[in-house]
Structures are given as structure tokens and as C-alpha cells.
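Trainee: Chains A, B, C and D are the protein sequences, given in the same order. Counted the way my numbering counts, the first sequence spans residues 8 to 281. Counted the way my numbering counts, the second sequence spans residues 8 to 281. Counted the way my numbering counts, the third sequence spans residues 17 to 340. Counted the way my numbering counts, the fourth sequence spans residues 17 to 340.
No lab work stands behind these hints: they were computed from the structure. By construction, the Cβ of each residue, glycine as well, lies at the ideal position given by its N, Cα and C atoms. Please note: incorrect hints may appear among the correct ones.
Pair by pair, the computed Cβ-Cβ distance ranges are [as the list claims (entries may be wrong)]:
hint, chain 1, residue 1, chain 2, residue 2, range
1, D, Arg178, C, Asn185, 30 to 36 Å
2, D, Gly332, C, Asn130, 56 to 62 Å
3, B, Val279, C, Ala171, 57 to 63 Å
4, D, Glu228, B, Ala132, 40 to 46 Å
5, C, Gly330, B, Arg156, 49 to 55 Å
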Amino acid sequence: MAAVIREAAALGPGLRAVWLEAPEAAQAAVPGQFVMVEGGPRRITRRPFSVSGIDREQGLIRLLVRVVGPASAWVGGLSPGQPVGLHGPLGRGFTLPPAGACAWVVGGGVGTAPLLFLAAELRRAGGAVWAALGGRTADEVVGADELKRSGAGVAVATEDGSAGERGLVTTLVERRLAGGGPPPATVYACGPRGMLVAVARRALEAGLRCQVSVEERMACGVGACAGCTWPDGRLAPDLALRRLASSREAPGEGGGGGPLRVCRDGPCFEVVRA
Amino acid sequence: MAAVIREAAALGPGLRAVWLEAPEAAQAAVPGQFVMVEGGPRRITRRPFSVSGIDREQGLIRLLVRVVGPASAWVGGLSPGQPVGLHGPLGRGFTLPPAGACAWVVGGGVGTAPLLFLAAELRRAGGAVWAALGGRTADEVVGADELKRSGAGVAVATEDGSAGERGLVTTLVERRLAGGGPPPATVYACGPRGMLVAVARRALEAGLRCQVSVEERMACGVGACAGCTWPDGRLAPDLALRRLASSREAPGEGGGGGPLRVCRDGPCFEVVRA
Amino acid sequence: MTGRRRAATGGVDLGVTAAGIRFPNPVLVASGTFGYGLDYTGIFDPGRLGGIIVKGTTLAPRAGNPAPRLCETPAGLLNAVGLENPGVEAVIAHHLPALAPLGLPVLVNIAGENEAEYEKLAERLTGQPGVRALEVNLSCPNVRKGGMAFGTDPAAVERLTRRLRKRTNLPLFVKLSPNVTDVVEIARAAEAGGADGLSLVNTLLGMAIEVETGRPALGNVTGGLSGPAIRPVAVRMVYQVAQAVKVPILGSGGISTSSDALEFLMAGASLVAVGTALFADPLSPLKIIAGLEEFCRDRGIRRVDRLTGVALPGRGGVAEACRG
Amino acid sequence: MTGRRRAATGGVDLGVTAAGIRFPNPVLVASGTFGYGLDYTGIFDPGRLGGIIVKGTTLAPRAGNPAPRLCETPAGLLNAVGLENPGVEAVIAHHLPALAPLGLPVLVNIAGENEAEYEKLAERLTGQPGVRALEVNLSCPNVRKGGMAFGTDPAAVERLTRRLRKRTNLPLFVKLSPNVTDVVEIARAAEAGGADGLSLVNTLLGMAIEVETGRPALGNVTGGLSGPAIRPVAVRMVYQVAQAVKVPILGSGGISTSSDALEFLMAGASLVAVGTALFADPLSPLKIIAGLEEFCRDRGIRRVDRLTGVALPGRGGVAEACRG
Ligand SMILES: Cc1cc2nc3c(=O)[nH]c(=O)nc-3n(C[C@H](O)[C@H](O)[C@H](O)COP(=O)(O)OP(=O)(O)OC[C@H]3O[C@@H](n4cnc5c(N)ncnc54)[C@H](O)[C@@H]3O)c2cc1C
Ligand SMILES: Cc1cc2nc3c(=O)[nH]c(=O)nc-3n(C[C@H](O)[C@H](O)[C@H](O)COP(=O)(O)OP(=O)(O)OC[C@H]3O[C@@H](n4cnc5c(N)ncnc54)[C@H](O)[C@@H]3O)c2cc1C
Ligand SMILES: Cc1cc2nc3c(=O)[nH]c(=O)nc-3n(C[C@H](O)[C@H](O)[C@H](O)COP(=O)(O)O)c2cc1C
Ligand SMILES: Cc1cc2nc3c(=O)[nH]c(=O)nc-3n(C[C@H](O)[C@H](O)[C@H](O)COP(=O)(O)O)c2cc1C
Ligand code: FES
Ligand code: FES
């Protein structure tokens, strides 16, 4: 329930990579799952951060933390040796395609965090990965080098053109779709809601499956408080979220009906037409 | 309004000496005055700490911090280079006897803090100082070495006998009074209320003047909130507190009438019979 | 006899009997923060709690309010869940049976839009295995109808309590709103209506504005404020009500440490519920139980229930609990 | 014209006119936290404030409540000062003259034990140099008589306001208690009685217990809770009242940063008062003024008073304030 910081480093302005000693979480986590992390002395709720990588041998998990407010500033500012309250891994992760299948990952800003873990697992299983990464500026693009090193193809777009091409990740995806190469088994996306909507629409239009990881404010992270519910279960008026099959159903879920809770029913969902 | 920590060291279990860069405070402070210090991210009011020593040349003031709760733990835990919110020096300090006169200082626990500054000033002016220091255990006795180094006579009593003699500082004072040596111009005391009452009673009985520094919870430290008032102005049913002459009357005091505020009318008072 | 013997040899009896129910210890979890009792199972064994108060349950399923439903404030949390719940039939079919094996006292928090709904809920839940009491939520600030509207009118509180009293033999804990001028008047009304206990407090009505946009931070505009921020208000209300009623009090509002729980007990509560503190640290209820035991042990207090009300006027403080 | 010209060239006009008074900026200091205006002079120049609300003043001098009067709680402060003050005659003789040279709007907070005392206070302060308005304290939780007892009854609030209206031509800001079921009803009563403005909120009634002894932590047992802890409740009340009355609102309750002040303005306040935040950092009012200016400047908002109420239903959020 408390983990100790092993390593913490800046990845760019306002972006930190934090490695934590959490052997059980490192064993259990699947890509797309998250942990709830203590927010420091000025905050009374824990905050969700995606597992962005694991080192099973050393029992470590990695968080990528974008500093946006008091809790993320505190988590990002932790130093090696400091303990931090944490529970997880939580939620339903992405479902992986058959071993060796090709997948695309589309990340906006720090939304790339869970996709790095996903891409690593996909590569481990021998799959080809193509990544489209975006952000407003170069500083916001996360994980390009790591993905390249893993052997994934990587395309980058920024709104101000300071890295990759000027524009949105959606444009990259569209071009790739138009390019006529081998289609992926699944398009995985995580980032701002507008981006998820655009990517999911394109993917569904192209007849591809699309899984997204969505965000909502959370308090418990385990399905107990109903704070993170999307009562309408929609990503957009025309797009619905569908629960992914999960290897571990939480106890007492009562059959999985009812409104969608991001923490327990997600954060990863399949997008389907509404 | 913010000072930077220059040096911080443990003086014993739960007791820290903290030197702060505060040139204006170091210039202005007189013994018995205090500063209001930020209490860290979990506290919303500043806390009073006596100035226990100064280094005018380097522009430093020293606080002795006994860790009793969240604010004192935070202040005591600060490291060199860290900034801390602070205002002061505040309140009315002790009035000093004529240069060269003999004085006694009686300190209970961390109450010795302002007396160390006082004793240093008295010694500088060529006065003889005798100190009676007490605490429940040896760990609670503060400043004995420093006083000895300054050339003061020092007697120690602890409730458990782990340092000096077993008993209360009052016993030390009583014995010294009975000893028939030269009487001091003033007895200065700071510590738990019960100790102040006992010491002041003995001093007044012996025809000596007695000044005490008292404690009350504070919010503003400047006389604005009326949080620290002792409405009855009594140290005990038979002992009243009288304002000491102050070189700087706070503006707007309106003649100094009304109930006693520890922060503005004190914290140092003359004790008189009620 | 084991309990007695442990006490005699220095053990602390944490058990509390209130409204005829035996609680293994006085630390429950608050309605709406612990789901239907099993969501935290991966983190700790809920069987170690003093009891479980399940989510606010209505007759029909409710989807609740639009997102965002949460907003953190200084030492506080605003929530506007809006009583999302699967409805009483699903609770009876799925959730209560799953909870029964724990063998803990389960209190079901019920909320209706009118008196008839409350009555139906009480009837439906009576006799269900595991249900030991009803917590009658007259104080939810996040719904249009029912909820707080009932809880601010003493006559309505008394009448509803009296009607429920006739429909069920389950002990009734009436849960009061802190958003009132005079909580004592409401408490007396609930007692007069036949309440077996009182729960206080629910959340304070609050709101926050996102200054970047100039729009309310919650989808529902206003929400209920919980957490350490409200503790002084909650302790004050427990202290006032404890002087005015005879029925036991279940205190909640910002309890995060054993010291906080002690404040409520000393102010007159027999039981406490931990809510928002679960979000800072899911293990906090267990830490609070351990802390209460330690507090008693260190002072030779044999039974935690001796602490109830020791801070009230005319009582003897902690010293009173140490005697005998 | 200088103000206009500055605005046209990108400067921000921080001035606010409310109840016929021109305030150089909307940030005042709250009654009871800033003495009679000069205690902080060694730390900053009070002339930079938007105005000063002096301590609660009574007819006769008052010694206030026994110590301890303060107790810190999570993000909050309990106080039970009990209206210690030197009495209105000393205030007129010593304090107001000392404050006059600042040239700032001074509001005198008045508290009586009955209607006649309020009337005498209003008459006595009318025409005193420097006094620009009265803040009528109907909400002090720390005194036996008067104070909050008045402020929780709409009929009493309306009657008292009406009587004061006849005794003075000074603008009246009626200061409301948050310890009520329906603050809107009280606000409407004050407006109907002729209030020129409303101050909200005063402190929430709370208490704390020292668990080591099992005794109340304050000499007066209960106290008033202020500070960031209560901000969500205060913002909610401003938001509710702003929709129900036409008179300007002076908002307070836990304002420590410019973002907090913006929440109050956007919820409908024209002015704000900073109280407890002075104790965390005496410079906070100045930092808040600077922060408001920066917020407006960064967004091209020319006058801070355009932000008032933009978060209310039907209003356009920050975008509305940016236009024109
Ligand atoms: C499933 C999930 C996975 C996430 N993974 C990552 C990650 O890997 N790296 C990363 O940097 N961030 C991640 N986030 C976002 C992260 O939780 C927020 O940035 C963080 O909570 C902000 O807290 P704060 O106190 O720093 O800022 P605040 O001042 O509280 O808020 C800043 C912004 O963050 C949003 N936010 C606040 N509280 C929450 C909350 N409890 N849950 C979600 N959003 C919130 C607010 O809407 C606001 O816009 C994830 C969020 C979710 C839901
Ligand atoms: C004029 C004056 C000078 C002082 N000088 C020193 C000093 O040199 N060294 C030192 O270690 N301590 C000194 N103190 C005491 C110090 O202020 C308290 O120990 C500190 O405020 C405790 O804060 P906390 O959060 O750590 O503990 P808390 O948990 O807040 O309180 C622990 C204890 O400290 C007392 N206390 C709490 N708040 C205050 C307050 N605002 N003012 C006074 N007492 C309070 C409480 O009654 C309680 O018993 C002085 C106090 C005063 C009034
Ligand atoms: C997310 C959330 C949901 C809640 N839902 C309910 C509810 O359904 N019924 C109810 O009576 N109280 C509900 N409450 C109030 C709590 O049960 C509790 O009374 C209150 O939060 C104060 O305690 P705390 O500060 O320890 O959380 C809820 C509180 C929170 C934070
Ligand atoms: C120490 C203290 C004394 C106060 N005295 C008064 C008073 O005399 N009259 C009054 O109307 N309000 C008084 N108040 C209430 C404040 O003016 C203010 O309304 C309240 O504290 C909320 O604002 P804050 O959270 O910024 O402090 C007092 C508050 C404090 C903390
Ligand atoms: S965060 Fe509590 S239910 Fe999802
Ligand atoms: S601490 Fe505010 S008046 Fe003394």
C-alpha cells in the first residue's frame, strides 16, 4: 500500500518519469491499468496514473507524470527513497490482439503513457507496432524515442509544428489509412477526448476495431464511490463505450450492468457505434 | 517576509536549532521578542517562536524548535537553502537591567530559548547571570552548555533526576534565595505556566522584580485578531501581568488599555501582586 | 467470557452495542464511499470493520448526475454523485447476498423521493439476510426531490420516521443534514418519531468554480462537501445533539485518524463512520481501529464505549473513562 | 480620465463601485482579522487595500471569551474571540482618527445585543470621519446574546435592517450567517429591509476536542470556523444569493489566493474580504490584488467588475468578461 521511489527523472519541461518499487503491482499489471497515488500533504484524494512500463524482475512500475496541479507536482517531485501511498493496479486494461498481430497506438500528450507499456508488450509478443504521437508543442510529445528504440514505426504531429509535422495526430492516422498498408488488428488510443473521438470515428469508418483509455476524476479508483461514472456511456453522441472482457471481474459487480464507471469498467473501453 | 534557512541542527531528541537569514529581524530584535513562522503545507496559521539568538553581522536569527505537532515538526525539519514565510520581530521583549547589573534567568524546557538571547545581551553588557534550568528529563533541559560557555552560573534540575538534581527549578531558585548571595536586579522566567507562577511568587516574596514571557495560541502575532488575549490579565489569582515599557508602541494601540494581548502587550510582562 | 477476561488482563474491548446491534468495533464505513461493501476487497478484508453502511439505495435504479461529479477543495471533497445505484431489487438480488458471508452488521442507506418510496424501501429490505438496520437518508444534497428537502423540516422528519417505524422492525438510524439552522430540533423530531439512532452528519452543500472558464466545476453545479474540512462542524453537531437525545449517535464527517474518531466518541457518538478518508488511504479505517485500541490500552481504558460523551458538559473527560 | 486611458491601452481597471462607494480595488480585509486597520502597518501599507472592515464593535467595551480562543483544524481555524473590542467611544476617539489618513473606505462592523444597541451604534457612527459604511454583524457565533440569534430569523433581520435604515444614511452591508437552512430567505429579508449590500459569509459554528484530556479545545467550547475549509460553502451561498437579490455582495470565506477571490466574483460578489489568509501570509491581500490584475490583463478583461456573476446561470463565463 506504500511504494518507495526508486528513480525519478525529468523527461522534458513539466514531465517526469517516476519508477516505484511495487513488486505486486509489477507482477499483476496489464497495459491500460492504472494505480491510485497519494497526492501529498495538500490533497486528500489519490490520483490515477497509468502504468507506463514495468520491470518485473526488479518489481518496478513506471509512471509518467505531467505536472498540471498540486498532486501531479507532488508526485513528480518525489525523490528516490521517498515512500508514497499507492494502490493498484486497477481497472480493465486493453485487450491484446493475437500474438504477432499488428497494432496502431495513437497518443496525445501524456496519454501516450499507457500506450508505451502496451507497445512494449505487443513487441514482446512479436507484433508490429505503428505509433502516431501528438501534442500542442514538441514538449508535449511523449515517448517517441522509446517507441523507436522498441522497433515501432513512429510518426509525430504538433499543433505548432515544433516537432514532426504541423497538425493533429488524426491527420497522421488518416494518411496511414489512406496509404493502403496492412490494417492493424486494433487501433489503441489515449489522449484528450476530442482526439479520441476523431480517431475512433476514423477507425470505425475504416472498419477497424478501436480501444480507447478515457479519463474521469476519481476518488476511490475501485468502483466504490461512483465518482467517475459516465452516466450516458458515450464518447460522443454517435459513439458508445463498451466494457472490455476482463480476466479479473471485481467481486460484487453484480453482472456489470448499470452506468459505466471509468475506474472499474474502464479506463479502457472498446468504442462502438451508438 | 520570507527567510532562508542557513543552518539547521539537532540539539537533542525532538529539539532543533534553526538559523535563518533575516537581516532586518536580526538588526531589530530584542530579547523576548518572537517571530511568526509559516507552519508548512498542512497548517494555515503561522506559529510563534522566540528569537533565541542573533548574529547581527551575518544577519541571522536563531530559533530553537521543540517538535510537538505538525507546524513545529515542519519548521524543525527545514534544511539549509529552503525559504520559509516569517514576520517579526514582534511583541514587547524583556526590559534589561542597568548595564552590569546581576540577573537570574529561569527556564523550563524550550522556554529557555528567549533567555539564551537575553543572557547573551546581559553578558555583553557586563552583567553577571545565574541560570536555573529545568525539564522533566535531561533531554528537555535546553541551553546549559551555551550558558556555561557565556560565563553564566548554571544550575539544573530534572523531574526524573536524569540531569542535575532531582526536582523542580523552583527548588534551585529557593535555595539560591536562601543562600544569601547578592540579589539580582530582576528574575526573568520562561516556561510552563505552573513554573512561572511558582518562580514569580518566590521572587515577589523575596522583594525581587520578576519578568516572565508567557504563551498563548496566536494567529496574527501583531495585535489584529484578539486571538491571544488573556481577558483577566492574571498569571494566577494572586498575580497580575503588567505591560512592560516598550521602545516601539505599535501604531493604533489607543493608549494600551483593554485586555492583555500576549502578542502585542507581551509576550514579556512584569509580574505584580493582583 | 473471553471479552471480560481480556479486559481484566489489559485487553481492550472494542465492541459496541447500539440500537440493539452488536458491532465488533465502533468504526464503520460511510454510505456512498464503500459501494456495496466488496469493492475494496483486493486491498483489505472488509470483515475487519465494525460494520458496513452501503450506498444510498432507491426503489428504481438511478444513473445519477452528469460528470464531473468530484472536485477536491482544501481538506475537502465536493461530490455530486446524485444517488447513482442499481435499485433495491438488484441490491437484494446481487449485493446483499455477496456481502452476507462477512458476518458483519450491514446498514442499508435508503433514499426516496416521497414518503411512500421510503416506506416501500423499508418493507422490501426488512427480513433480507444480513441487513441489520436501515440508515434513512434525509440529507442527500445532490438530488432534486426528497433527500435534503425532507431533512430540513422537523415535522416532516418526525412524520416520516413514525411511518417507517410502523413498516419495519429493523432499527432505524435517521441520517441528518448539517445544512440546517438548528440540528437539535431535527434530531429531537427524529427521536420523537421513533428513530433508534441518529447518523450525523451528511455533507455540507457547497460548490466550486473553475476560474479558467468561469463555470461551475461540477456537472450538477452544487455538491456535498465532505472530508476533514467539515469535521469541526460535524463534531459540534454531535456534541449538541448528544445533549438533547437518548438514542445512540453514529458520527461522521472528516474522520481520517483515530484522534478524529475519538473527538466524535468524546462528543457523544457511540459509533463512527469513515468516508472520504478512504480516498486518501483505503487502509484508514483499519488504522483508526488500531489507533482506538492503542489509545485505550495506553490509558487503561478497558472498553472503548466508556469514551462516549466524556467531553460533554458535566462529564469527566478522559479521566472518567480510565476509572473502573 | 486616467483610468479610462489606462484601460484603453491595456491597463486593468480594478476599481469597483458598490452601494455608492468607490473602492480602489475589490479586495478588503475581513472584520476581526485586521483589528482597527493599523496593526499590520509594520508589514505592509494598508493603503493598498480596497478597503478595511474593522473589528466587530459594540456599545460598551467587551473583554471577550476566556482563552484558548483559537484552534487550527484542517484548512480551517476555529475562533471564539467573543467580540473583544474597546467599545464604540474608544473606536471613535482613537481608532477611526488614526485610520482616516489612509483615505480608504472604512466599514465599521457593528454588533448589538438587541435592536436598540444596533440603533445606537449606527447613530453614533454616522458622520464620523472616514466611516463609509456599516457592516451589520448578525452572525457572530461566539456571543450569547444578539449576533447569530438575529441572523437566523428572516423576520428579525428585516425588522432590524429597516430600523437601522431609518437611523443612518450610511450604506448598510448586512452580514449573514452561513449557519442557516436557507440563506436566500435571510438575504431577501435584509434586502427588503433596505440593506445596500450583503456580506457573506461569517463563520460556520464548529468545535474541536482535545483528545488527550477529553475536553473542548476552546475556552468557549464552540467557535466560528473560517479559512479555506469553508470556501465551497461560502461560494455556494454567494452563488445562491446573487440569483435572488439585486444589491451588491461582499464575499468572504477562505479566500487565500486570487483564484479563490475569482471564484467569489464569478459566483456573484462585487467585493471580497480576506480574513484568515492573513494569518498564513500577511501579504496575501496584496498578492490577491496583483493576481486579479494579472488574470484580467492576460485575458484582455479591462475592468475587474465585469467578472462579477459570470458563472451564474444564463451568463457567459469568462468569455463574457473578455468581450468589449
Ligand atoms: C485512468 C487515468 C490515468 C491517468 N494517467 C495519467 C498518467 O499516466 N500521467 C499523467 O500525468 N496523468 C494521468 N492522468 C491524469 C491525472 O490523474 C491528473 O493529471 C491528476 O489527477 C491531476 O491532479 P493535480 O492535483 O495535479 O491537478 P488538479 O489541479 O487537481 O487538476 C488539473 C486537471 O486534472 C484533472 N483532474 C483532477 N483530478 C483528477 C482525477 N482525480 N482524475 C482525473 N483527472 C483529474 C482536472 O480536471 C483538471 O483539469 C490519468 C487520469 C486517469 C483518469
Ligand atoms: C511567544 C511564544 C514564543 C514561543 N517560542 C517558542 C520557541 O522558541 N520554541 C518552541 O519550540 N516553541 C515556542 N513556542 C510554542 C510554539 O509556538 C508551539 O509549540 C507551536 O505553535 C506548536 O505548533 P504545532 O503545530 O507543532 O503543534 P500543535 O499540534 O498545534 O500544538 C501543540 C501544542 O502547542 C500549543 N500551540 C498550538 N498553537 C499555538 C500557537 N499558535 N501559539 C502558541 N502555542 C500553540 C498547543 O496548545 C498544543 O498544546 C512559543 C509560543 C509563543 C506564544
Ligand atoms: C462520494 C460520496 C458519496 C456519498 N453518498 C452518500 C449516500 O449515498 N447516502 C448518504 O447518506 N450519504 C452519502 N455520502 C455522505 C457520507 O456517507 C458521509 O456522511 C459524509 O461524506 C461525511 O463523512 P466523511 O467526511 O468521512 O466522508 C456520500 C459521500 C461521498 C463523499
Ligand atoms: C479571529 C476572527 C475574528 C473575527 N471577528 C469578527 C467580527 O468581529 N465580526 C464579524 O462580522 N466577523 C468576524 N469574523 C469573521 C470574518 O470577518 C470572516 O467573515 C470569516 O472569518 C470568513 O472569512 P475568512 O475565511 O477569510 O476568514 C472573524 C473571524 C476571525 C477568524
Ligand atoms: S473512482 Fe470511485 S467509482 Fe470510480
Ligand atoms: S495573535 Fe492576533 S492579537 Fe495576538
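Trainee: Hint by hint, say whether it matches the structure.
Mentor: Here is how each hint holds up against the structure:
1. Here the CB-CB span from Arg178(D) to Asn185(C) is close to 54 Å, at odds with the stated 30 to 36 Å.
2. Range check, Gly332(D) to Asn130(C): about 37 Å between beta-carbon atoms, so the 56 to 62 Å window is missed.
3. Between Val279(B) and Ala171(C) the beta carbon distance is about 60 Å. The supplied range of 57 to 63 Å therefore holds.
4. The supplied range of 40 to 46 Å is met by Glu228(D) and Ala132(B), whose beta-carbon atoms lie about 42 Å from each other.
5. Against the hinted window of 49 to 55 Å, the Cβ-Cβ separation of Gly330(C) and Arg156(B) comes to about 54 Å, which satisfies the hint.
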